[in-house]
Amino acid sequence: DAKTTQPTSMDCAEGRAANLPCNHSTISGNEYVYWYRQIHSQGPQYIIHGLKNNETNEMASLIITEDRKSSTLILPHATLRDTAVYYCIVKGGRRALTFGSGTRLQVQP
Amino acid sequence: GAVVSQHPSRVICKSGTSVKIECRSLDFQATTMFWYRQFPKQSLMLMATSNEGSKATYEQGVEKDKFLINHASLTLSTLTVTSAHPEDSSFYICSAFPRDRGKDEQFFGPGTRLTVL
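Sequences listed follow chains F and X, in order. For what it's worth, our numbering labels the leading residue of the first sequence as 1, then goes sequentially. For what it's worth, our numbering labels the leading residue of the second sequence as 1, then goes sequentially.
Rather than coming from a laboratory, the hints here were simulated on the basis of the structure. Hints are supplied without guarantee of correctness; some may be wrong.
Listed next, the in silico DSS-like pairs over lysine-lysine satisfying Cα-Cα at most 30 Å (straight line) [unchecked claim]:
{"hint": "1", "chain 1": "F", "residue 1": "K52", "chain 2": "F", "residue 2": "K91"}
{"hint": "2", "chain 1": "X", "residue 1": "K41", "chain 2": "X", "residue 2": "K20"}
{"hint": "3", "chain 1": "F", "residue 1": "K3", "chain 2": "X", "residue 2": "K55"}
{"hint": "4", "chain 1": "F", "residue 1": "K91", "chain 2": "F", "residue 2": "K69"}
{"hint": "5", "chain 1": "F", "residue 1": "K91", "chain 2": "F", "residue 2": "K3"}
{"hint": "6", "chain 1": "X", "residue 1": "K55", "chain 2": "F", "residue 2": "K91"}
{"hint": "7", "chain 1": "X", "residue 1": "K66", "chain 2": "X", "residue 2": "K55"}
{"hint": "8", "chain 1": "F", "residue 1": "K91", "chain 2": "X", "residue 2": "K14"}
{"hint": "9", "chain 1": "X", "residue 1": "K14", "chain 2": "X", "residue 2": "K41"}
{"hint": "10", "chain 1": "F", "residue 1": "K3", "chain 2": "F", "residue 2": "K69"}
{"hint": "11", "chain 1": "X", "residue 1": "K20", "chain 2": "F", "residue 2": "K3"}
{"hint": "12", "chain 1": "F", "residue 1": "K52", "chain 2": "X", "residue 2": "K14"}
{"hint": "13", "chain 1": "F", "residue 1": "K69", "chain 2": "X", "residue 2": "K41"}
{"hint": "14", "chain 1": "X", "residue 1": "K64", "chain 2": "F", "residue 2": "K3"}
{"hint": "15", "chain 1": "X", "residue 1": "K14", "chain 2": "X", "residue 2": "K66"}
Using the sequences and the accompanying hints, generate a full structural model.
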């Protein structure tokens with residue numbers, strides 16, 4: 001699976017949009033971009049995934065660049081409960097997810 | 001979304017004893033389940049892949065005789081930490097793919113915190 005690069009940490013003001021970037025320049029054609037988050041001492045939570053088109057669900061939006069080498073997860077109106085570690089993972093098929101270090105998002109009141 | 005449960009959520013045991021952790025898919029069948037381990041301030045590390053009705057596949061460096069995995073049904077996988085030692089203290093998390101092959105999202109349990117005294 002392709003390697004991803006994410007900033008170590010980010011801050012966001014409550015109520016504002018949180019934009020979390022991810023670089024995956026070695027992504028191959030059949031690999032999807034997945035986003036999960038882990039709130040302290042809990043199991044990871046699925047957020048969203050996509051192949052090449054932008055995706056939106058009730059939690060977030062995923063913007064994937066046309067060359068698919070990077071993506072951005074957008075939480076439109078961040079709340080304190082969105083404070084977590086966010087993982088961007090590139091994966092093809094039904095293999096296990098491989099977690100990197102992720103981005104620690106701190107939502108400030 | 002699909003729900004995965006783990007039991008117990010927290011366990012404290014003495015060094016040398018064995019501990020069993022259960023992972024259940026509550027509203028779907030899972031032919032494949034995964035076990036991860038997470039040490040403090042670190043990311044999740046895959047330990048093994050558990051396939052229903054067959055032997056588990058272990059990642060490099062994970063002792064298969066110490067971490068016994070059984071996946072006897074489509075909704076239950078168990079991880080037994082045998083002869084646990086303090087260095088086995090960790091957060092153990094399972095996950096599963098729904099059997100429906102149209103879904104490739106991996107759903108995670110809430111985790112089990114093991115403390116070995």
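Task: Pairwise hint evaluation, K66 of chain X against K14 of chain X, where the allowed Cα distance is 30 Å at most - done: Status holds; Cα separation ~16 Å.
Task: Agreement of K91 of chain F and K69 of chain F with the hint, judged by alpha carbon distance not exceeding 30 Å - done: holds (14 Å)
Open item on the list: Need the status of pair K52 of chain F, K14 of chain X: alpha-carbon distance at most 30 Å?
Closed with: Status violated; Cα separation ~50 Å.
Task: Agreement of K3 of chain F and K69 of chain F with the hint, judged by alpha carbon distance not exceeding 30 Å - done: holds (11 Å)
Open item on the list: Need the status of pair K41 of chain X, K20 of chain X: alpha-carbon distance at most 30 Å?
Closed with: This hinted pair holds, its Cα atoms lying about 24 Å apart.
TODO: Please work out if K20 of chain X and K3 of chain F have their alpha carbons no farther apart than 30 Å.
DONE: violated (34 Å)
TODO: Would you check the hint for K52 of chain F and K91 of chain F, treating anything up to 30 Å between C-alpha atoms as holding?
DONE: holds (13 Å)
Open item on the list: Checking one constraint from the list: CA of K66 of chain X to CA of K55 of chain X, max 30 Å. Satisfied?
Closed with: Holds. K66 of chain X to K55 of chain X sits at ~14 Å (cutoff 30 Å).
- [ ] Given the hint that K14 of chain X pairs with K41 of chain X, test it: the Cα-Cα distance must not exceed 30 Å.
- [x] holds (24 Å)
- [ ] Verify the proposed pairing of K91 of chain F with K14 of chain X, using a straight-line Cα cut of 30 Å.
- [x] violated (39 Å)
Open item on the list: Hint check: K64 of chain X vs K3 of chain F, CA-CA at most 30 Å. Holds or violated?
Closed with: holds (27 Å)
TODO: Mind checking the alpha carbons of K69 of chain F and K41 of chain X for me, to see if they're no more than 30 Å apart?
DONE: holds (28 Å)
When the structure is compared with the earlier hints, violations turn up for hints 8, 11, 12 and for no others.
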